[in-house]
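Novice: Chains as they are written, first to last, in our numbering: chain X, 310 to 486; chain U, 3 to 697.
Rather than coming from a laboratory, the hints here were simulated on the basis of the structure.
A quick note: this is a predicted structure, and the numbers were derived from the prediction, not measured.
Each residue gets a CB set at the ideal place from its N, CA and C atoms; glycine is no exception.
Careful: at least some of the hints might be erroneous.
[Claimed, not checked] Simulated restraints on C-beta separations:
1) Arg376/X to Arg81/U: 30 to 36 Å
2) Leu166/U to Arg376/X: 33 to 39 Å
3) Arg31/U to Thr370/X: 46 to 52 Å
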Amino acid sequence: MSLETFLESCGANGVRVEVLRGTLELGEAVKRAASEVGARLIVVDDALAEAADRGELLLPTEARPLREVDLELLRPHDNGVLLVRSAGAAIAEMGAAALWGDERTQRATAMAEHLMVVIRAERVLDVAKASSVIRRVLTESGGPVHLVMGPSATRDIEHVRVLGAHGPVTLRFAVSP
Amino acid sequence: MSLERRTSEALRERSRVERLWWVFEETKRSRDEGIRRLDVDELRLVRESKVSALRRLEELIEEVRIAVERAGGEVFLARDAEDARRTVIRVLKDAGVRTAIKSKSITSEEIRLNEALISAGIEVVETDLGERVVQLSGGRPSHILGPALHMGREEVAAILSRSLGEEVDPDPRSIVAAVRRHLREEMMRAAAGITGANAVDSETGTVVIVTNEGNEQFVVGFPELVVCVAGVEKLVKGLEAAVRIARVQSASATGRMPSYVTLYGPRWWGEGKRFVLVLLDNGRTEALRDPWLWQVNLCVRCGACFNVCNPYKTVSGLVFGGNYTGPIGIVWDSVTSGPETANGYSRLCLSCGLCELECPMGIRIPLLISRVKSFGRRGVRLTALAEGFGFYARLGSSMAGPLNKAQRSRSFRVALELLAGIDRNAPLPEFRGGTLRRALKASGIADDGEGAGSTVVYVPDTFASLIDWRVGLEAVALLRSLGYRVVVCDSVGTNMPAVQYGHLGLAARVAKRVVSALHPHVERGARVVVTEPTAGYCVREVFPALLGTQESEEVAKSTLNFTELVVSDGLHSRFRRSKTSSEVVYYHVSCHGRGTGLEAATRAVLESLGLKVVSEELGCCGMAGTWGMRKGAVGHGLGAEIGRMGSRRIAETRPELVVTESSICALQLRRFLNVPVLHTVSLIFGSVNGAAPSR
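Start from the sequences and build out the full structure, keeping to the hints where you can.
Specialist: What follows is the structure in structure tokens.
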């Protein structure tokens, strides 16, 4: 399933996607995102932090690895944290990023006020293939797996859409080669 | 409080009626776009996976039990609501849980889980925003997806201000901010999470849940114990099938993908977490043995059927509901709580049939509801003349003058209301006098199959036969002028009221009689034509379901509405307009004409007459045969409100003329509109013959 389908689906879902030309562009993309949402703190998940340590990608110097962050910082609902996470896979037809990982990372994902998900282009799959990958994760490593397609939102009050019911108020994807 | 009283009170809440109509019209618009974007194969795959799972449900139950237990989780099969409540309470108590957080789950509403937990001393905190507001209000959800849709922002703000001990501004953003702040702490300290499921994969025990708010990430991610209560019908084989269900559910619910689909099960990333799956039967497997009701198990709980149900939109789920709400809720309540719960509000269903057209799983909701209504019927007792309108029509055809005069008298209407249950304020048709058969004879129009063209058998409805035969006469004349050989069927009416009010035994007998009369003609190659879409709906959709015979199928396949016949034979271009005073017509498609080829065909005919056609999907006009004539709020009161809402929208299009195929819809629309309302056949006849519209 093509990246094009994924981008179309994200467009239909109203999620902003940035397609990066190289992993070195990620740092700038993160900085832009942080500035646009007015983030007070940038936190990156451990997988991305380790990749940056290995020199595979570039992250803003002010970004802090999640492993070094006290989760209490994310406890307030208006914590001003931009969490940058890597997706295990993405589903093209749904415009969904599949997020899994340890409990700490998953909790941080629920709590962060802003979320940016980095998706590697070759991990954009169709429903059938993605389901098979997710099945393996659920049976071998364990769940939960969250398919994320938009920011936390509700229409419960007079059908007016309001963002940030519980989880991230903003969501954006960055697709890296 | 009685259904009548609750309906009457709901009708007085005008601002709520206006708001709900707007909400559901918006939702439908968005939903229609979303469904169009889905590949047709996706719907087929999901339906097939559900059907296949239901066929081997016992096998899947065993499979999921093995998968969950092997991965360290626990599975309980609950026979009924009581069993499920007891199981959840025991699991939570054994784990020492005092507070549980919960995501929205209609299955937990079905078993009244919250009340049981609170009685057992366990605090439950709903985490879905709307559900939390409803919980704090002490009420019940009115919609399976938007539990607080019946509430206005001021009401919500007042509830929150009272419960949270702080002033909450009625702006939706302020309301959401207050709930976000208040629930975050609650969600992070709870010892247990309780969820429902959109689907459960039997192979891995994975629960799939659709949410938009992101509360599921807290409910599943923070507590050490997570309990899922899911109906057995949620089981499907394979994770891919489960994910596809989530996708279709979302597309059909809102037209958009949800913000989150959460997948979790017995195996956790890390140590120390527990997963308990409570699979609930509660009538579902029994329903599988019912020839019609089994289909309810295909439901993906998208709520699409709610969007087109005008009675629901008008009174909300507070009235239109038991444990469940909305059209499919009638069936769910019957299956899970018993027909008496469902029949506590099933009278609100006017059998327009539109819900079936919306259902992504193709569940024949209207017929299932008729089946539920039939459980409350004993024999063929006609509880009111309104349910046997044919008798009244026969009386009117033979003594039109006196009856028309009597209908204008207040005392007669009061007597009619008391004796026959026809509301004193309901519109009643003016009788023309005589019958179509006699009118045909008098006019000299041959209806005995003479002519050179192909044969059509015209099935006149009760209205065209007995009340005002002009439509029937015009139809036969037009068909003859187009060269058809016309045979007029002597069988009067298809008795939709019998289906509508759950007299299925009587409905089947009528079906048999009509099919027996038509089948010999169909066998000889004739086609059946109707001028009333409800008659067509009965012959095409209902009779095969009632009879299940090859004859009924063959008759159904050969039946067409008047304009469908003319357009499919390419004859509509022969209609030449000689004179008409109107240029813009509003076309009101009667409910039973939707989803057939009728709408497109009639448009083609009207356009070939040089008319500009305007039309909207407004749903039922509120009359629904005799439904809107019945005494009281559940009947004429509600029907009139629906008629008023719909007619206002029609008037906004500023038509010079309104056309419809349904004589009963016309009766209702004439009450609220100041323009002529004509049967399509009459408009065509008048246009061709140079008559100005008058009816």
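Novice: Hints first: check each against the structure and report whether it holds.
Specialist: Okay, the hints, checked on the actual structure:
| no. | hint | in the structure |
| --- | --- | --- |
| 1 | Arg376/X to Arg81/U: 30 to 36 Å | violated, 48 Å |
| 2 | Leu166/U to Arg376/X: 33 to 39 Å | holds, 36 Å |
| 3 | Arg31/U to Thr370/X: 46 to 52 Å | holds, 48 Å |
Checked against the numbered hints listed earlier, the structure breaks hint 1 alone; every other hint is satisfied.
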